[in-house]
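Mind docking chain B on chain A? Use the hints.
2 protein chains.
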Amino acid sequence: MKKIIILSLFLCLSCQQAKTITESQEATFGIVIHGGAGTILRANMTSETEAAYRKVLAEAIQVGHSILKNGGSSQEAVEKTIHVMENSPLFNAGKGAVLTADETIELDASFMHGATLDAGAISGVKTIKHPISAAIKVMEDSPHVMLSGAGADAFAASQGLEIVEPEYFLTERRINSLKRVKEAEAKEKKISSLEKEYVSQQRYGTVGCVALDLEGNLAAGTSTGGMTNKKWNRIGDAPIIGAGTYANNATCAISATGWGEFFIRSVVAHDISALMEYKGLSIQEAAHTVIHDKVGSLGGDGGVVGIDHRGNVAMEMNTPGMYRAHMDAVGSLNVKIYKDE
Amino acid sequence: MKKIIILSLFLCLSCQQAKTITESQEATFGIVIHGGAGTILRANMTSETEAAYRKVLAEAIQVGHSILKNGGSSQEAVEKTIHVMENSPLFNAGKGAVLTADETIELDASFMHGATLDAGAISGVKTIKHPISAAIKVMEDSPHVMLSGAGADAFAASQGLEIVEPEYFLTERRINSLKRVKEAEAKEKKISSLEKEYVSQQRYGTVGCVALDLEGNLAAGTSTGGMTNKKWNRIGDAPIIGAGTYANNATCAISATGWGEFFIRSVVAHDISALMEYKGLSIQEAAHTVIHDKVGSLGGDGGVVGIDHRGNVAMEMNTPGMYRAHMDAVGSLNVKIYKDE
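Respectively, the protein sequence lines represent chains A and B.
Heads up: the first sequence begins at -17 in our numbering, then just goes up one per residue.
Heads up: the second sequence begins at -17 in our numbering, then just goes up one per residue.
Bound-form chain A, shown alone (with noise of 0.2 angstroms):
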């Protein structure tokens, strides 16, 4: 027993001394929103559009770029820059997300930390005004993991976050995407093709961002309002640890965008650092093998942006686009929108 003990401790000072080193080698910071993934052409934008993606992009990586290179955590900086894109009309998360077939709005997000592998999410709410910090509260504040419905909305609104009329996250584009919407499902008959049509066209907006900040530490998030025209409650990717989100420090960090059936079932977020833990491959490696050898080959589409231990990057995709950007430690801002930038 005094030997395993000893041993432990040789073990743990071993690791602390691995710790500084790798830390003194490695002091770097990065960060990596998206704003969706789909059938994003140059021909369907106009350059006024294009111009204000771009522009809201930038702002909301600013926004965490600043908080890490001022020494801010990377849990910080992920949730201060998805708010930004929630506040944002154009995205499909917070204010603009897109409706449901009842007309209402239902909200979904996550967060993972990659130091303690904790993580919270939330599914289903409708009057939290940043959906990130409801998921990043059930993380802190509960015993639980995941909450839905209007018991996510209870317990946020017990945390004292802000709250908002479900109003407040209607706009007209999304209320005129779902009866564009309801107008074709009318005409078919075939849900799947249907929804294979209206989800391609439908689904770009989900949020994400991952961060690597100065002590090291990976963090991610997602925040969605799902798909336009979503029926029974449905839960995507998005709040799904492991399938949308996932943090780990001896890994990666990994938000992904698409087709969300099909990231459930490919598991992508965990899958893609498990390739890495495992198998050894690099983030660009095993996000490339995952979007497309996995996902693309059961039919699904989409994206995800991701950072390692070492900063580390990853865009990757099998649409057409994805908006989405990138900052480093130099400070060198990266915003693209289509797939051959």
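Hints may be right or wrong, so weigh each one.
As the list claims (entries may be wrong) - Calculated cross-link-like contacts (lysine to aspartate or glutamate; reagent style EDC-like; alpha-carbon spacing at most 16 angstroms):
1. B:Lys161 <-> B:Glu85
2. A:Lys213 <-> A:Glu85
3. B:Lys318 <-> B:Glu41
4. B:Lys213 <-> A:Asp123
5. A:Lys276 <-> B:Asp100
6. A:Lys261 <-> B:Glu259
7. A:Lys276 <-> B:Glu259
8. B:Lys261 <-> A:Glu259
9. B:Lys77 <-> B:Glu147
10. B:Lys276 <-> A:Glu259
11. B:Lys276 <-> A:Asp100
12. B:Lys108 <-> B:Glu85
13. A:Lys213 <-> B:Asp123
Don't read these hints as lab results, they were simulated from the structure.
Relative to the frame of chain A, chain B by itself:
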């Protein structure tokens, strides 16, 4: 210590031998079930109660085994086996499920098919007699993977599944459990310590089944009432694909039971599959690693049952007991409760 090493080596060699024999056999099948893991101690169990559990476990697994033996699918075997346990008030699934803090019943279930990676899940339903069948219906007859709350109940009803009054699920035993937990809660101040105590007392009962059929197809299913006194529409690991349930013909089928929050954070079921796929571990090694080194090191506890594509089986736990049973192609029945059996 020496004895332990010799014993381990012996066990290891036996395992290798068993594996080789199994691998040389081509068409095989098998089924494994659990009825929950937790503080299950001989000291707290009457011989009548123990006999009752062993009887239902044997009845349940024989239903699935008979289907498999006659060439039926692993999907059907998993569904029909879980029906038996959902019907039994002994387990925390279907009839006999635990109560929420609001004295209601909220049931969760999920199913995954190893050949297609198709999956379905429902959470927080109140009127569906067989939640596992609702999860399968979501997979087969909706464009979604996961439905929740009243929407999931409505979907199941629209699909002709058997609907019951919420009172159907209530049992005196679970009403008393909730009372005791609430009394303890009223005395406690810190929810976290309370949580730890009542979780370890009240958790056992989730049911699950994994099967390999003669076609070589794996399937996994899990069904539960969740955690006594759960609040805010909490969702545990049972309905989360990748956490409580995962199946992939390339690796294994897994169903988990335990402290759901830790199982979500550890993405338990998918992690076992990933260790097999990417690191070449056997199902026993992978299950041991995830339950002890991953879940255990975070402070969580519980267990899993699993079967791989060659019929090798894992029944792993870090709790004093797990209700479980296994039947192989030969038909030998193996029912166990305590860890040291």
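Structure-based check of each hint:
no., hint, result
1, B:Lys161 <-> B:Glu85, "holds (10 angstroms)"
2, A:Lys213 <-> A:Glu85, "holds (10 angstroms)"
3, B:Lys318 <-> B:Glu41, "holds (14 angstroms)"
4, B:Lys213 <-> A:Asp123, "holds (13 angstroms)"
5, A:Lys276 <-> B:Asp100, "holds (13 angstroms)"
6, A:Lys261 <-> B:Glu259, "holds (9 angstroms)"
7, A:Lys276 <-> B:Glu259, "holds (13 angstroms)"
8, B:Lys261 <-> A:Glu259, "holds (9 angstroms)"
9, B:Lys77 <-> B:Glu147, "holds (11 angstroms)"
10, B:Lys276 <-> A:Glu259, "holds (13 angstroms)"
11, B:Lys276 <-> A:Asp100, "holds (13 angstroms)"
12, B:Lys108 <-> B:Glu85, "holds (12 angstroms)"
13, A:Lys213 <-> B:Asp123, "holds (13 angstroms)"
Checked against the numbered hints above, the structure violates none of them.
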